[in-house]
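Start from chain A and add chain B according to the hints.
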Amino acid sequence: MKSSDFTILFAEDNLEIQKVYEKNFVREGYHVLLAEHGLRVMAELREQKVDLLITDLEMPGMNTLELLSFLKRDYPKLPVIIVSGHYADLQEDFLAKGFKITAFFNKPISVAILKEKVREILKVDQIQGK
Amino acid sequence: MTKKTVRILVVEDNLEDFEILRILFSRVKHGRYELKNATSFSEALEELRRGEHDAYLVDYKLGAVSGLEFLRRAVQQEKCEEPIILLTRFGDYELDIEAMSLRAADFLNKNKLDSEVLERSVRYALDRKNAEEAQSQLTAILEQSAVAIVGFNLEGKITNWNQGAENMFGFSINEIKNQSAFSLVVADQMTEIRNLWNKTIEMEEVLNHEETWVKKNGDHIHVSITLSPIKNRINKIAGVSVIARDITYRKQVQATLQKQEEQIRLSEKMDAIGRLAGGVAHDFNNLLSVIGGNIEFLLDNLEKDSAQKEELFEIQKAVRQGAELTKQLLVFGQKQVSQPQAVNLNEICGEMHKMFKRLIDASIELSITNNSELKSIYIDPGQIQQVILNLVLNARDAMPKGGRLIIESKNVQVGELEQVQVEETASRTYVHLSVTDTGTGMTPEVKDHIFEPFFTTKAEKGTGLGLASVYAIVKKWNGSIFVNSTPDVGTTFSLFFPASELIESSKANPKQQTLIPMGFETLLVAEDEESVRKILVRVLEKYGYRVLQAGHGAEAVQKASEYQDEIDLLLTDTIMPKMNGKELADELRKFRPKIKVIFISGYTEEVLSEQGILDSNIHLIQKPFELDFLVREIRKVLDEK
Chain A
1 MKSSDFTILF AEDNLEIQKV YEKNFVREGY HVLLAEHGLR VMAELREQKV DLLITDLEMP
61 GMNTLELLSF LKRDYPKLPV IIVSGHYADL QEDFLAKGFK ITAFFNKPIS VAILKEKVRE
121 ILKVDQIQGK
Chain B
131 MTKKTVRILV VEDNLEDFEI LRILFSRVKH GRYELKNATS FSEALEELRR GEHDAYLVDY
191 KLGAVSGLEF LRRAVQQEKC EEPIILLTRF GDYELDIEAM SLRAADFLNK NKLDSEVLER
251 SVRYALDRKN AEEAQSQLTA ILEQSAVAIV GFNLEGKITN WNQGAENMFG FSINEIKNQS
311 AFSLVVADQM TEIRNLWNKT IEMEEVLNHE ETWVKKNGDH IHVSITLSPI KNRINKIAGV
371 SVIARDITYR KQVQATLQKQ EEQIRLSEKM DAIGRLAGGV AHDFNNLLSV IGGNIEFLLD
431 NLEKDSAQKE ELFEIQKAVR QGAELTKQLL VFGQKQVSQP QAVNLNEICG EMHKMFKRLI
491 DASIELSITN NSELKSIYID PGQIQQVILN LVLNARDAMP KGGRLIIESK NVQVGELEQV
551 QVEETASRTY VHLSVTDTGT GMTPEVKDHI FEPFFTTKAE KGTGLGLASV YAIVKKWNGS
611 IFVNSTPDVG TTFSLFFPAS ELIESSKANP KQQTLIPMGF ETLLVAEDEE SVRKILVRVL
671 EKYGYRVLQA GHGAEAVQKA SEYQDEIDLL LTDTIMPKMN GKELADELRK FRPKIKVIFI
731 SGYTEEVLSE QGILDSNIHL IQKPFELDFL VREIRKVLDE K
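Taken in order, these protein sequences are the chains called A and B. Following this note's numbering, the numbering of the first sequence begins with 1 at its first residue and continues without gaps. Following this note's numbering, the numbering of the second sequence begins with 131 at its first residue and continues without gaps.
Extracted from the complex, chain B is given alone in its bound form:
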């Protein structure tokens, strides 16, 4: 193997000395040298700039300027990286020190030069230069990498901290040096990290892990780290290196994907259950029709006072309850027909406000935040009321000891929230409705099932269809629903609906513009005209009320005395055979003092007052009336204090 020729520039104005050097180099056995002579400062500088030389031998005495001057110029201004060896005729210690401080590679006494000295000096200088280059590259790699590279000693104190680490965590090396490794980690991961650390040191293993660190500004940052044991020259473990990469973005993407997957899974599951529910409900209705029809046939056949009638009535009651259940199932199965229109949630919440007040205990502080700029959404008004009512009732039930209930609505733009899946609609703006409680919250296990029909945590009080219908309705109108819940902290339901562009068209149709508020209370309807009674019952049930009905006063009294729960309002015809409306109301008030009363009458108030039927505490609706008006009046009376 032939060694590479070392090209040396000899900066020397004495040609004899140059000749001597050439002879000396030519005697070196294990190397080949190519010497070139520069006799002046300027010539030497020119050569230097050409950069063709591996090393420089510079005479201290160089015309008007000294060799030191050249050295200074070459190193400081010209950024020469090749070794420069200074030659002088006098061994001068101070000169030597100065030369070294100017990064001279060596300082040789001309009087003591021989081949060996020269060869060794040049070789060492070149070796050193190569080593330094390698070292500085390594340092640059460590220092300038975008990943955080941190060195720890065996006590876990930080010894090295590169620029990447500073960028990632915000601490400078001076702030962090000698800090403990554990001061960087969030508290709840401490034990885990300690175990990893011990494993790395004791087992000398390289370990990978994902964890959360704390930045200087207190923010958390997700990092993927690699711990490696660092060994010293005698192969003994001396510390640990940690390479950390910022995976916050990856975590975010993962979380978003996971959320979307959950949504898709949930929506598939709900679709399947919905179809099942719809199908089952349909078949059940047929079965209930058969059972009910046969019971009625039997009842007609039996003698009036037959002892078996009671059992048949029981069966009939069960059939009715079954019918109620299938009705709810069909709602969930999205089989109901709806009448969508542009609806403003401010209005809806305003309409429902009084009802909320009655529904929730004084220990619950209710706040409704409206947004005057709020866009409308395209939805069936009855259905959105049902949604809000369900959410409010759930919030109430989650706060048996009181708390805060916050209903908020605002516009959001696509992109502000990655949760909203936009592919289904072209809308850029969404309306965000949230219902928050500070109640008991839910465990993740419960949260996973809340939208499933027949899943309930309210024991016999719940049907398990409330949130299932909420989900079905939200989906039906291209909305999304999300729930955040923490046990003992509270729950937030977030609903997103595409904003409607149909506001104008709804104004064109004033009849649709006003909403009819729903209810949940129990009403007793007394009306001797059966066809009228049936219409009343049907309409009131449609608006959410539980309705008891009676064909005359005595029946109404009986129904009221049998009914276990509260009856909120009596809606009665004024003139009925045997017992008139006033008498009925008086009778009922004897055992239900809080019941509110509305009379329906074809007579004017005047006439009724004269006959002593009307008193100040009674509301009157005159025939003929529109059903919408009746429903509104009932709501109004119920909401009165």
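Here chain A stands alone, though its shape is the one from the complex:
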């Protein structure tokens, strides 16, 4: 699959970090959507075809548990990567609660590692960089 076949939604309230995501992933060929709060995440998911959600653990307007519950109900197949600002491996906690999380990273994020993970999840074998 080509990277340009996929759309990634980044949920992140820090605009600088949004830009980092956008720059790096657009260059990789992905379609990039950005949401700065939880409600926007829901709206984007409804309006666009999204293949992967990468979300900050703490989003204004909707906490992680609410978001995960919503995803579980409406988008059970959507892969989710959580980026946490806290030094804690919460993945097990979430998994224990029955939520599906594809990957979990701590901030500060390494874009290189994130890109690699995305490729793995989406099974991208062809980067159509710009």
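These aren't lab readings, by the way, just hints derived from the structure by calculation. Please read these numbers as outputs of a predicted model, since none were measured by experiment. Idealized CB from N, CA, C, for every residue including glycine. Just so you know, not all the hints are guaranteed correct.
[Claimed, not checked] Residues of chain B clear of chain A, computed beta-carbon distances all greater than 12 angstroms:
(1) R202
(2) D222
(3) N260
(4) S354
(5) L429
(6) S436
(7) E660
(8) S661
(9) E717
[Stated by the list, open to error] Below, simulated PhoX-like cross-link-like pairs (lysine-lysine); rule was C-alpha separation at most 25 angstroms, straight line:
(10) K117(A) - K447(B)
(11) K23(A) - K434(B)
(12) K457(B) - K115(A)
(13) K23(A) - K447(B)
(14) K209(B) - K287(B)
(15) K487(B) - K708(B)
(16) K447(B) - K19(A)
(17) K115(A) - K664(B)
(18) K115(A) - K439(B)
(19) K117(A) - K434(B)
(20) K19(A) - K439(B)
(21) K23(A) - K72(A)
(22) K49(A) - K123(A)
(23) K457(B) - K19(A)
(24) K399(B) - K588(B)
(25) K166(B) - K115(A)
(26) K115(A) - K346(B)
(27) K487(B) - K439(B)
(28) K439(B) - K23(A)
(29) K577(B) - K606(B)
(30) K457(B) - K487(B)
(31) K117(A) - K240(B)
(32) K399(B) - K605(B)
(33) K117(A) - K259(B)
(34) K100(A) - K540(B)
(35) K753(B) - K447(B)
(36) K117(A) - K712(B)
(37) K708(B) - K664(B)
(38) K123(A) - K664(B)
(39) K457(B) - K117(A)
(40) K23(A) - K115(A)
Just chain B, lined up with the frame of chain A:
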């Protein structure tokens, strides 16, 4: 002003003599008297017991018994306090002496009686009685007061020592009389006391002071004293009186309160710093993400051999270091998530024992005192290991020339130690863990700051987060932490945790029961499968290790040669392209002969031996393995001699 009527009982069997006395008294100009006559011993005794008389006039000749007999009976048996004046017809010196020895107020010759003599004798007797009463009351006040009242002469020698003083200090008057005032005071307060003493005598001032005295049994006692100059009749200073009150209890209460206040202040301060640290760390992580993300973008844009890459790598390295720091800050800010369970400190210390041995020099004698009855505490096992490790490392660093390191754990009941604040939990039993060193100790100034993040006395060696995290962890689990330290003597950290009632529930879950020991060493992980390598690194870092990683043999050799400090162990995949695990281990041993090696392999030992990959000095972990098992094995190999 009319004088009070003096009621006198005249014990006299001769009615004529009684009449004469009455006439004589009636002639007294400045007094009124009411006389009553008792004519026999028994009648007189009856009157005496009625106690209605101010004074007694007793004839020496009284029927079968003498007046002396009445006197004796009245004073000794009836405890008569009113004056008794004896009358006789013969002036007899010996009789006089005997009467006086029986505490007769006076002895009068009947033949020489007149109004004046009678009036004076009765008046003096009554005055004397009043004076004696006042005197004895004063003495009783002095003698029986619960405060210590001590009299000193001008040379500072003890002249008076009341019962209160005896009770308070244990010395009797005979033991202490003529001792110097300064022999009672602890040595280091001597100069101060001397100054006070001189001031009292020279300036004739009344002074108040708090000081420490030494009891007969050697114990110290805190007293609040008042020094007053004592003047004689001609208003010249003749000595000093000291009134001392025992304020030991007050001092104890004060000390306890002060300690609690300190704890509250510290805990408020740490809360504030913790919130600050958490907040800052969060924002910093975002900033580091932006910096790091942009560097990676730039790096991708640059030509492979661009000269600017090196600078960007430097920045990237700094970002990683920054990330490490924020990670620690978040730990301190209590943002980490933990998995508490019932934990026995005996087990934890047992698990960590080997690690301690490796950590501390042979010049430090380590003793771990276990208590078989020790209760469990409810805590995250990794976090309590981190706490103990930090305390042990600090103890070690405090003893560069060696010494003793004592780790002790025991149960304590609430009430045995007033330091433990119990209002936070309902537990009656606490587990007390103490880590003691005989090292350099701390000044009070240093002690005040040790729990603050970024406070360190280890110059560039310390992050200043060790004890801050210890504090945060102890507080998180409802514990208390205290530190006692004396410069050049040593330091004791005392931790109190509420005992857990959850022992049974932890046994119900055997998986939680065993602990995975942490480490601090540096490991080099060589694994070509990146996803596997990442998991390994993540897990090992979680258990405290510093991890260097390499994707193939050559990279591992390069990393090892660049790294400045010791690398304790190589964890390598056996089969890797180009350079296999055995070759890598051999290569590394050329310049790091002490490095320990663990192989991970999907092949059996047999196969590897046949191919000459395995030798006796190498440990093998077969795939697939559980991560817990791997961490344990690494610990085991590291702890081997």
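### Query
Are there hints from earlier that the structure breaks, and if so, what are their numbers?
5, 7, 8, 14, 15, 21, 25, 26, 27, 30, 31, 33, 34, 35, 36
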